[in-house]
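Each protein sequence line maps, in turn, to chains A and G.
If you read the first sequence in this note's numbering, its first letter stands for residue 1, the second for the next number, and so on.
If you read the second sequence in this note's numbering, its first letter stands for residue 1, the second for the next number, and so on.
Keep in mind the hints are simulated off the structure, nothing from the lab.
Where is the CB? At the ideal position from N, CA and C, for every residue including glycine.
Accuracy of the hints is not assured; some may be wrong.
[As the list claims (entries may be wrong)] Pairs of lysine-lysine, DSBU-like flavour, derived with a Cα cap of 35 Å:
no., chain 1, residue 1, chain 2, residue 2
1, G, K157, A, K132
2, G, K382, A, K243
3, A, K243, G, K242
4, A, K383, A, K364
5, A, K174, G, K321
6, G, K157, A, K252
7, A, K143, G, K321
8, G, K438, A, K134
9, G, K382, A, K143
10, A, K241, G, K438
11, A, K132, G, K438
12, A, K270, G, K242
13, G, K157, A, K249
14, G, K438, A, K129
15, A, K180, A, K231
16, A, K270, G, K438
17, A, K270, G, K382
18, A, K253, G, K242
19, G, K428, A, K143
20, G, K382, G, K157
21, G, K321, A, K253
22, A, K274, G, K321
23, G, K157, A, K143
24, A, K253, G, K138
25, G, K242, A, K249
26, G, K438, A, K252
27, A, K252, G, K242
28, A, K174, G, K242
29, A, K134, G, K138
30, G, K428, A, K241
31, G, K138, A, K270
32, G, K438, A, K274
[To be verified] Just the calculated beta-carbon pair ranges, DEER-fashion:
no., chain 1, residue 1, chain 2, residue 2, range
33, A, Q238, G, T411, 49 to 57 Å
34, A, Q281, G, M128, 31 to 39 Å
35, G, S358, A, K191, 56 to 64 Å
36, G, M128, A, L139, 35 to 43 Å
37, G, S358, A, E266, 25 to 33 Å
38, A, L262, G, L296, 37 to 45 Å
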Amino acid sequence: MNPSVSLGVLEQNAEEHVSTPILGPSIYSDNPQERIQARRLRIAARLEARRRLHVAPRLLTPPDHSPWSPGFLQCPLLLQAPLRTGSFLCQPEWSNSLELPSLGRVCQTREALGEYLDGKKESEEEQSKSYKQKEESRLKLAKLLLCGTELVTNVQVAVDTREVHRRVEEEEIKRQRIEKLENEVKTSQDKFDEITSKWEEGKQKRIPQDLWEVLNTQQLHCAGLIEDKNKLISELQQELKIKDDQYVKDLKKQSDDICLLLERMEDQVKGMTKSFRQELQHIEKAFEVERQELLSSNKKKWERALQAHNAKELEYLINRLKKVEDYEKQLNRQSIWDCEEHNMIKVKLEQDVQILEQQLQQMKAIHQLNREKLEYNFQVLKKRDEENTVIKSQQKRKINRLHDILNNLRSKYARQVKQFQEENQALASDYRRLVMQFKELQKAKRHFAVTDDEKFQEIWLMNEEEAKALIGRAFDVDKIIHTHHLGLPWTAPDTSLLRNVGPLSQKRQRKSAAQVLEEVLLGAEEEGAEEAVSEAESYLDLPKQISAKTTRKILMLLCDESGFLIESKLMSLLLPLETSECYLLRLDAIFSALGIESEEDLYKLVHFFLKYRAHHLSSSQIAPSDQVNAERLSTVSFMEQTSVVSVPEHLSLTSASEEELAEQTAPEGEAESPVEGEQAERESPLSPKLIHPNDVLKVLEAFVMGLRKPRDARAPRKMRKEERDDSEDSKYWRALTTVIPSSKQNLWDALYTALEKYHLVLTQRAKLLLENESLEKQNTELQQLLRQYLNAQINSELQVPPTQVFRVPTK
Amino acid sequence: MQDPMTLGSSQSSVSTQERHSAADQPLPSTPQASKPLAMTLPAKSKAPNFRRMRRVIAEDAEWTLAIVPLLTELCIQHIVRNFHNNPILKQLLPEHQQKVLSHLSPDLPLAVTANLIDHESYWQRCCMQRWPVCHVAKHGGSWKRMFFERYLESLLKHFIPGTTDPAVILDLLPLCRNYVRRIQVDQFLPPVRLPLPPRTGDQSDSGSEGETEEPVMDHYQLGELVAGLSHLEELDLVYGVKDCGMNFEWNLFLFTYHDCQSLAATIKVCHTLKIFRLTRSRVDDDKARILIRGLLDHPVLEELDLSHNLIGDRGARGAAKLLMHSRLRVLNLANNQIRGPGAQALAHALAHNTSLTSLNLRLNYIEDEGGQAIAHALQTNKCLTTLHLGSNELSEPTATLLSQVFTINTTLTSLNLSCNHIGQDGGKQLLEGILDNKTLLEFDLRLSDIAQESEYLIGQALCANREAARQRVLNPSHFISSITASSLENSMG
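Chain A with its partners taken away, still in its complex shape (with noise of 0.2 Å):
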């Protein structure tokens, strides 16, 4: 039941290591008690061992034989001894020896890590006595904390080993008792058995005694049975009997641990309260001690110190005794010197008072004689104060009349500003009238010279008329003097002039865009059937120089992509129509939607769009010949920006000035042109391909988007009107004086004098004639009367008849 003796063994093998081998009770042994006491004793032993070896250390040198070497197997016995005992009677050895050690550490560690950490060592020595102590303290009391819990918990590691053990010992009884019932219940079945076949044997006997030997042998076995269960239940009984005692033993030895426990807590506890109060008392003491030393040292240092001051305050005082003396010298001297320089300046000073002083008289004469001057002069001055007093009155009041006619000037100064604003206010408003007025004159003039116009024409296509019909008449009578008075043939002259109608150059001037595409339209048509068109051409391109073949075919192109300006209605209309009239036609339409009207419109579209190609190609493809036309373009570009800039620039000038205007933009259109011309001849042949259909209407906007402006612009300048030319007016009417050349005047002139003198004869002869009638009529009037006269009666009366007298003619 008791492992100890194996477990003594154990024990000694470990009590071997401590010097003095304990006899007696081991600490292995199941009995707490016996441990305890055990224990005791060890902890006593290792007192004395402990307390025999320390007198060694301190006679030794510390690093050598210090008891902490690892070799020394002792240690830890030494260390957990006084721990273990809680008795610290011993610990102020204890921390003695403690200090050597670490103290011999300090030493060494220095020397290992080097200089490096010289500061921090420094610092470190400074604290390391109370410092030292601390960490003495700490760790002493934490392995004493550590030991006295191990200390305490002993005693439940104890109870758990002996519960352990318990715990086996009790499953081996508990298995040797349930075979022990195992084997009970299979020998007592087997008696059972026996017994129960014996009662079968039994009921077969039929003799009595028989039976009754069978019962008996029966009720022995019976007896038998029962006393054996009977033994093992007084056995189970005592066993119950021995757990019972058990358990009171125990309970009793629970007690007893648990009272261990307390006292061993209890010893703990006050164990622990004394060290700590001890460990305090000592690192106070440390404290203490350094704080002493620390003292000292700074009262040595202190002192060090006043003394220093002291030889340095007498030294400062011997200097300063010198000082005083050479000072006193210097004053001395100084009061000496100061002296004579005193007297001097005395007396200097003295005479100094005595010049003063005559001048000090002569300063009062002169004052007195300027006092008298003065008051001389304050008279005076008083006087001319009065004076002046009264000069200020008229002053003044001279003041108030000049305020007052400023005054009236102020008033008549506004009023007249009034009346010059109500003057240039009825001035500007003549004056707007009057640019009214200029305006509607100009409008009459305009008027009357549109009338002076149609007058003029119409005067004009009157006298042409008159003229023509004199020349035709002329020319008829030149015929009958030809045929009748001559009889010669009569051949009619040029008469080129008299085709023409109307003022001369008036056709040429303006010509709608539409006659320019019928032109132009035509022109091609023509051109290919011959090249005679080159005279139109000529005529047409002269200002613009461009190919009619370009523009034809821009305008084509144009026809065939911006169809959709033209009304349905129209195209429809234009569908049977042939082709070239049918894009007049569709062009007319594109153009009034377009809103181009004149011819100059219709050239400008054509350079745009002969402008965006060439931009166009100098942007895809750049040659150097081509940048040179780009660059070229540029300028012609800016040119004509300026251009149209120009224009309304000049627009607001007065219309005398739009003369000028027309002759400026005409050299620069002429300018232009070349250029661009050029430029449209060069690239005629790549013209119209180059012009891809679908930029079309990009180029199209872009030139209504540019088109709109200048047209705007030009709107006032239609209204303008086209000064004549007469310079061929003269010609042409001197021409028409011409008409009937002077060989045939000449002619008419000998005409006429042989006329003359024909008529001349014959004008006689008619005047005979005449004569000769009124001879005839007096004669026949003579005749009447003389009949009269002769048939009267009073002839009859009368005594001679006249009759008779006269032969009266008888008819």
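Using the hints, position chain G against chain A.
Relative to chain A, chain G alone:
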């Protein structure tokens, strides 16, 4: 002011005393001095004339010049006297409240005081009056809490089912529900059987005896009480009887199935419970499983203590399942009957657990089979800090594995292997393991057959670890330097 009169009495000593007393008197007494004198005059009736003029009379020790107390004082006294019938406290000024409380009797009925008085001083007096030893720190530093907890505890301790009126406890419930956080009951009395059958030796030994009386043997059911306590965090129960001494009877320690089921239901419902202890109550596997089933997926439970019971491997398996399904941090299964398989189940749970920090398997039978399993689990576990495997009949193989664990594991700080058969070789292996470890702070190897030398060296290593840990705590920035210092120390030591 009183000088002329005292001078008239011509006693220099008295005059000094009187001056002294005058200094002692509160300041307002001087202007009022004439008034109390006048008032005390009729009261003192035939007192000698000169006496009434004095503050102190040296010859008469009883003599005091009574001053009519302030009205507030009187009111407070009145309130104190009638506190039972008309408790007025909240309406008073703080200083008056203090005065009232300092004069209140600790015997006032709880129905009056419980929800009215929050001042610790009053409850301190109540506690001090009832119990000679008071560890207020154990009750969260609150005297009130302590009062109610201990009061409830004493009621529960002496509750006898069937005889004691349950209303005694339930009446207290509304009063203490806000203050009780812990119920710690170390005994539950069984119901008293009045017709006590004469006990014979036969009856006392068997556990089967309880079968017939089981329904009678139920203890107090905590269900209602626990449901009523809204802040309950800790439940510490022992189903047993204290100080039975030689009257021992197994019936006294019978934790019945009904008890178990009702307790399981109780703790399942109580969602504030953090600590549950049920020790020394003869909980076997089935009961343990019932309890653990009640605790599965409990929201806040942190500590479970089922030590000193009869839990075997099945119960341990249940505990292992609980480890998987809860946030348990402390598990104590000390002194049970867990063997190898149970320990293996626990080890399996431990290997994947991330919350458990402490596991106690003291006094079980896990042996090397379970010890090795746990050691394997420790190689992967990253949160267990304390492990107690004492008295488990472990031996060298476990020690070998544990020494490997030491080199890998960096969380374990405390390990207890006391009372095992580690043996000399096992000790050496453990020592080797320990030398590679820097985190282990406590390692108990007492009575485990280890050579003293290795035990000592292990102690040294632990010391070094402790120093390093302390340095780490003190100045985490100089961690490296402290390590070098400690290594130096090691080399020196």
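Results of checking the hints against the structure:
Of the supplied pair hints, the one linking K157 of chain G and K132 of chain A is violated, its CA atoms being roughly 53 Å apart against a limit of 35 Å. Pair hint K382 of chain G plus K243 of chain A does not hold up; C-alpha atoms about 46 Å apart against a cutoff of 35 Å. Simply put, K243 of chain A and K242 of chain G have alpha-carbon atoms about 21 Å apart, close enough for the 35 Å limit, and the pair holds. Among the hinted pairs, K383 of chain A with K364 of chain A is consistent with the structure: their alpha-carbon atoms are about 28 Å apart, no more than 35 Å.
This hinted pair checks out: K174 of chain A and K321 of chain G have alpha carbons roughly 33 Å apart, not beyond 35 Å. Simply put, K157 of chain G and K252 of chain A have alpha-carbon atoms about 25 Å apart, close enough for the 35 Å limit, and the pair holds. Note on K143 of chain A and K321 of chain G: the hinted pairing is violated, with a Cα-Cα distance of about 40 Å set against a maximum of 35 Å. Restraint check: the Cα-Cα separation between K438 of chain G and K134 of chain A comes to about 25 Å, which is no more than 35 Å; the hinted pair holds.
A threshold of 35 Å between alpha carbons decides the hint, and for K382 of chain G with K143 of chain A the separation of about 29 Å falls inside it, so the pair holds. Proximity of K241 of chain A to K438 of chain G is assessed by CA-CA distance (about 54 Å); at most 35 Å being required, the pair is judged violated. Restraint check: the Cα-Cα separation between K132 of chain A and K438 of chain G comes to about 25 Å, which is no more than 35 Å; the hinted pair holds. The straight-line distance between the Cα atoms of K270 of chain A and K242 of chain G is roughly 30 Å, inside the 35 Å bound, and the hint therefore holds.
Note on K157 of chain G and K249 of chain A: the hinted pairing holds, with a Cα-Cα distance of about 28 Å set against a maximum of 35 Å. For the given pair, K438 of chain G sits about 30 Å from K129 of chain A by alpha-carbon distance, which is consistent with the 35 Å threshold. Our distance criterion of 35 Å between C-alpha atoms is met by K180 of chain A and K231 of chain A, whose separation comes to about 13 Å. Among the hinted pairs, K270 of chain A with K438 of chain G is consistent with the structure: their alpha-carbon atoms are about 33 Å apart, no more than 35 Å.
With a C-alpha separation of about 40 Å, the suggested pairing of K270 of chain A with K382 of chain G is violated against the 35 Å cut-off. Of the supplied pair hints, the one linking K253 of chain A and K242 of chain G holds, its CA atoms being roughly 18 Å apart against a limit of 35 Å. A threshold of 35 Å between alpha carbons decides the hint, and for K428 of chain G with K143 of chain A the separation of about 23 Å falls inside it, so the pair holds. Of the pairs offered as hints, the one joining K382 of chain G and K157 of chain G is violated, with about 41 Å between alpha carbons and a cut-off of 35 Å exceeded.
Taking the CA atoms of K321 of chain G and K253 of chain A, the gap is near 39 Å; set against the 35 Å cutoff, the hint is violated. Taken as a hint, the K274 of chain A and K321 of chain G pair is broken in the structure, with Cα atoms around 49 Å apart against an allowance of 35 Å. Under the criterion of a C-alpha separation no larger than 35 Å, the hint pairing K157 of chain G with K143 of chain A is inconsistent with the structure, at around 41 Å. With a C-alpha separation of about 30 Å, the suggested pairing of K253 of chain A with K138 of chain G holds against the 35 Å cut-off.
For the given pair, K242 of chain G sits about 18 Å from K249 of chain A by alpha-carbon distance, which is consistent with the 35 Å threshold. Taken as a hint, the K438 of chain G and K252 of chain A pair is broken in the structure, with Cα atoms around 44 Å apart against an allowance of 35 Å. Restraint check: the Cα-Cα separation between K252 of chain A and K242 of chain G comes to about 16 Å, which is no more than 35 Å; the hinted pair holds. With a C-alpha separation of about 28 Å, the suggested pairing of K174 of chain A with K242 of chain G holds against the 35 Å cut-off.
For the proposed pair K134 of chain A and K138 of chain G, the alpha carbon gap of about 32 Å is at most 35 Å, so the pair holds. Using a Cα cut-off of 35 Å, the hinted pair K428 of chain G and K241 of chain A is violated, with the two alpha carbons roughly 46 Å apart. A C-alpha spacing of about 23 Å is found between K138 of chain G and K270 of chain A, which places the hinted pair at or below 35 Å, so the restraint holds. Among the hinted pairs, K438 of chain G with K274 of chain A is consistent with the structure: their alpha-carbon atoms are about 33 Å apart, no more than 35 Å.
Taking 49 to 57 Å as the suggested C-beta distance range, the pair Q238 of chain A and T411 of chain G conforms, at roughly 54 Å. The given range of 31 to 39 Å is respected by Q281 of chain A and M128 of chain G, whose C-beta atoms sit roughly 34 Å from each other. Checked against the hint of 56 to 64 Å, the C-beta distance between S358 of chain G and K191 of chain A comes to roughly 57 Å, which is consistent with it. About 40 Å separates the C-beta atoms of M128 of chain G and L139 of chain A, a value consistent with the hinted range of 35 to 43 Å.
Remark: the range hint 25 to 33 Å for S358 of chain G to E266 of chain A is upheld by a beta-carbon distance near 29 Å. Remark: the range hint 37 to 45 Å for L262 of chain A to L296 of chain G is upheld by a beta-carbon distance near 41 Å.
Checked against the numbered hints above, the structure breaks hints 1, 2, 7, 10, 17, 20, 21, 22, 23, 26, 30 and satisfies the rest.
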